[in-house]
Structure formats: C-alpha cells, structure tokens
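A.B. asks: First to last, the sequence lines map onto chains E and H.
By our numbering, the letter at position 90 of the first sequence is numbered 104, and the numbering carries on one by one without gaps.
By our numbering, the letter at position 103 of the second sequence is numbered 239, and the numbering carries on one by one without gaps.
Derived from the structure by calculation, the hints contain no laboratory data.
There's no promise every hint is true.
Stated by the list, open to error - With a straight-line Cα cutoff of 25 Å, these simulated DSS-like cross-link-like pairs (lysine-lysine) come out:
| id | chain 1 | residue 1 | chain 2 | residue 2 |
| --- | --- | --- | --- | --- |
| 1 | E | Lys-253 | E | Lys-85 |
| 2 | E | Lys-276 | H | Lys-356 |
| 3 | E | Lys-253 | H | Lys-319 |
| 4 | H | Lys-356 | E | Lys-48 |
| 5 | H | Lys-203 | E | Lys-253 |
| 6 | E | Lys-85 | E | Lys-69 |
| 7 | H | Lys-203 | H | Lys-356 |
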Amino acid sequence: MLEGYKDKFEWRGILFIAPAIIFLFLVVIYPLFKVFQYSFQEYSPHHSFVFAGLKQYQSLFSNELFWISIKNTFIFTIGTIVLDLALAWGIALLLNVKWPNLKARNFFRGALLLPFLFSAPASALLWGILYQPLGFLNNIIEQILGTPINFLGDTRYALFSVLWVSVWRNFPLIMILILGGLQSIPPNLYEAAGIDGANRIQRFWHITLPQMRSLMMTIIVIDFATTFIHFDLVWTMTKGGPLRSTYLISFFLYQRGMQAFKFGYASAIGVITALIISACVGAYIFIYSKRMEARA
Amino acid sequence: MTRKRGQFRYFPLYTLAVVVAFLILFPAIFAVLTSFKPIREIFVYPPTMLPHTWTVKPYISVFSQEKYLHYFFNGYFISICSTFLCVILGSLAGYGLSRFKLPAKRTLMLAILAMQMFPGAVLMIPYFNLSRQLGLYNTYLALVMIDTVFALPLVIWLLKSYFDSIPVSIEEAALIDGCSQAKVLLLVVAPLARAGVIGTGMLAFIRAWNEFLFALILTKGPERAPITVGLAELFGQYSINWNGIMAITTLAVLPLLIVFIFVQRYVISGIMSGGVK
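Here chain E stands alone, though its shape is the one from the complex (with noise of 0.2 Å):
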C-alpha cells in the first residue's frame, strides 16, 4: 500500500522538489560557477574582465598576508571549535543529569539557548562593552592581576577576544544537538552496564561517546566549515586589526574585493579557501571511515 502510493506519483514528486532545486541551483551554482571563472580573469573598471590564466594564484602564493590570514584562520576556527565542544559539552551532561523538576530543567535549556538568538554584530556590542578598555571585565582584571588587559588593542588578545564571542555565540547550537544525542542513547544501555558494575566513568567512556561519535563528527564538520569563513564578528569588532593580528581569510577577501575592487584576486581568494575547506573535510571525514572501519 505504502510503496503503491509512492508509486502511483513519482512524476509529481519532481514538481514538488523542481522549485527548491532550480532556486538553490540559480543562487548558489550560478554564483560558484562564476566565482571559478573570476578567479582567472583580471577586472578593471575600463575593460571588465580580461582573461589572466593563473596570474591572480600567483600573486595570491607569493603574497605575506595571503598566509598570515591562513594561520590566524587555522588559530581561530581550531579554538572556537574546542572551546565549543568543551562548553556545549559540559553544559549538556548539567542539563542532561537527573533533574528533579523537568519545568526547571527547560527554562536553564531555554536560557542557556540565548545567546544563538544575538546577531554578529549585536554580540560584538555586547562584548565590546565589557572589553572596553575601562570596562567591566578590567575593573575586575584590575584587581586580580593588577593591570587592565587591551583586550582588542593588544596583538597578543585580539584574536582571542574575537574568537570568544565566537564560542559564545556558537555554543548554544552545539548544545542542544549534544543533549538530543545524549537523549536518544536507548537507556538499557546504562542499565546492562550497570548491572556489569560499571561506574560512572566507565559507562561514560564506553557507552556515552561512542554512541555520540557520529553526531560529533557532523558537528565538528560543520563547524570547522562556517567557522572557517566567518566574517561578520571580524568586521565588527577589530577590522583585522591591530597590525593584521585578525585578519581572517575572509576579511581578506572582502578588503581586496570590496575595497580594494580586485574582483579576479579576490576571487581567487575565495577559490582557494573553498578548496582548503572541502579538502579539510574530506580528509577528516576519510580518517573518521577509515578508523570506523578498523574498530568494526
């Protein structure tokens, strides 16, 4: 019965998906196919695009700030990824222990979910104001370490400082698709090993993480690949400042692009940073297989 229906409208099912798929393919493969044929043209104002072979990659190589911006990339959407993990983490296993009252238990998830709501830029205000360099957090700093921190100003923070409104914001998110694994382990599971004497640690280890290790995979991935390319919180707050000690691939390419009008370098920019982001994936996802592999 079930496959009879299913069956019965296989042509309109195409009709039911075509308007999704021909919207995605005009305003994302359009553009990608584009950003491709960019990359190896040169733009003036004059002469529009002019074929340039591999000109833009080439420059792009031998350019210093081309690979400040990979490493302090690499900084960031490394540390935002652990920081993530480690608070979505110990947040979830506070949310998901025993909770006398589920009410209560809720209202925390609904609060602690807060902070997915704040735009970019509202969080860089937020922050902002406890960075300032009189502000709230060095009063307290002040008073612990004895001098105030330039929490922006400072090449040595900068990144950092950044990089933690990241997590702040990131977190909630991660959060909650954490507890929804932690939820979904079938609890017989505990229970048999509870049986077997196991302790808390022990069922932690090895009940609780493999079970979450491919949700923890999806996540990680999905992390890394729009961390990677942030670059709203950069813009905000530091404009890649102070001396280049944020610049982000991505402010990169918006300050040669947008500002700088160099449309086929930009591009490149781009391309690359793409190819950088499938090739990190790829090969995490290609480990993760393989090592699944060898344990099964």
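Mind docking chain H on chain E? Use the hints.
C.D. replies: Just chain H now, with coordinates in the frame of chain E:
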C-alpha cells in the same frame, strides 16, 4: 521529612545551573541594564552593574532617529519575506522528498546536506557583481533571495524528516475518500506539519534577521539595509553613548526573544531531530 531531604539533594545542581546561566547571559544582562542608565552613569569607574536612576531616554532617542526606524523596518521586511519563501519552497521539497520515489534521491539528500555548510562568503564577489548587472544592488529582493538560499537546505532537511514522521496512511485514507491531491495537502498534511513548519520557520527567521555580510556588501545606506548593518556601524563609537547603543541592541534582539519563548519547544525539537538523523 523525606520530601525536604529530596529537595535539598538537588541544591548543588540548581546552584551550578544558576551560576552557569548567569555567567553565560552576563553580557546580555549587562547590556539591558546599561540601556536604562542615564549618560552620566556611563562613564563612572569602576563601572556599576545596576543603574542608580532608571531612565527610558535612550529608547526614546532611538525611535526619534529616522535612520534606525528604516533599519528595523528593513530587517523585519527582509526576514519575513525570506521566512515565507523558505517555508513554501522547503515544505514542497521536503514533502516531495519524503513521499515520492525520485531518481538519485540519496545523492540529492547528500547534496542538500553538504549545501548546509556551504561557505557563502566565498560568493561575495559574484553576488556583488551580478546584483549590479541585474539591477538588484540595494534592493530587498537580492537580500531576500540570498537569505532564503542559505537557510533553505536546513529547512528542506528538517521538514523532510518531519514529513517522514507523519504516517502516509492518513493521506491515503483521504485520497480513497475522494479528496483531491491538493486538498489532501492543504487540509490533511498542512495541519499535521504545523509544529515542524513553525520550528523550521523560526530557524529561517533567526538566520535572516541575523545575516550581516551580504547586507553589508549589497546595500548602500539605511534605505535598504537591515538592522545588523545599523548595529555594526555603531561599533567603535562607544565613548559617545553606550546607553543608546545598548538600547538599540536590546531592541534588535527583543522581538526575536519574545517569539522564541513561544515557539522554543518546536525549535529545539526541530534541531534535535535534525541532528540525530
């Protein structure tokens, strides 16, 4: 007696939860309190948490600036249009993927999943260039389309799994009773899918409301730019009027917060089910 002891047992848990929630939400709490401070309390050092005298002047000054009314209106208009477009295209595609045999369905689903993490910023240059060529620069349409396209893969994915959870037999029964396919969709499926549509619609709205990069490069001035652009240009102007800035920030999040409180459970269950699959 035992009841009292039982409650006391959970005291550490509640304390920990309150402390964690306070630390995480501190910036937001501080912002709201700052927005009610008069300007003379902004520059005191050490900074204070609570306002000495409460004032709503910062809020009044926001509404008296025409620029911000534009930013807010644009933000709402773009986000609402994009949410509707997302929900319409997403429900159709999600329903199609859930109910029909399609060629290369697995590949299609994987492509949609991969698109969910597509690094949109890479397309900055073509979007800028194409929007100027097509006359879409500084228009609502360009931003609505871009906001829609980047939320759509997630919306399709979540709605597909939502439709999967609605039994086909209900629809078949209606069809046998002589309902047309269109009627089945509108009168049988749509009401059943309501919770899923609300949850994913809210996610699409949040994404559109918070989108910044493309709003920045595809608009010029407050005429068409949404509130995120208005917020970003305030950064660095701190020493002038923090209280006003925090009032705008509060106003930019408040509507989202109010709607979110009502639809929270749909959003959370949507995210959870999407993640587990």
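A.B. asks: Does each hint hold? Answer for all of them.
C.D. replies: Hints, one by one, checked against the model:
1. E:Lys-253 / E:Lys-85: Distance of about 17 Å is within 25 Å: holds.
2. E:Lys-276 / H:Lys-356: 20 Å, holds
3. E:Lys-253 / H:Lys-319: 54 Å, violated
4. H:Lys-356 / E:Lys-48: 24 Å, holds
5. H:Lys-203 / E:Lys-253: Cα-Cα ~24 Å, so holds.
6. E:Lys-85 / E:Lys-69: 23 Å, holds
7. H:Lys-203 / H:Lys-356: 13 Å, holds
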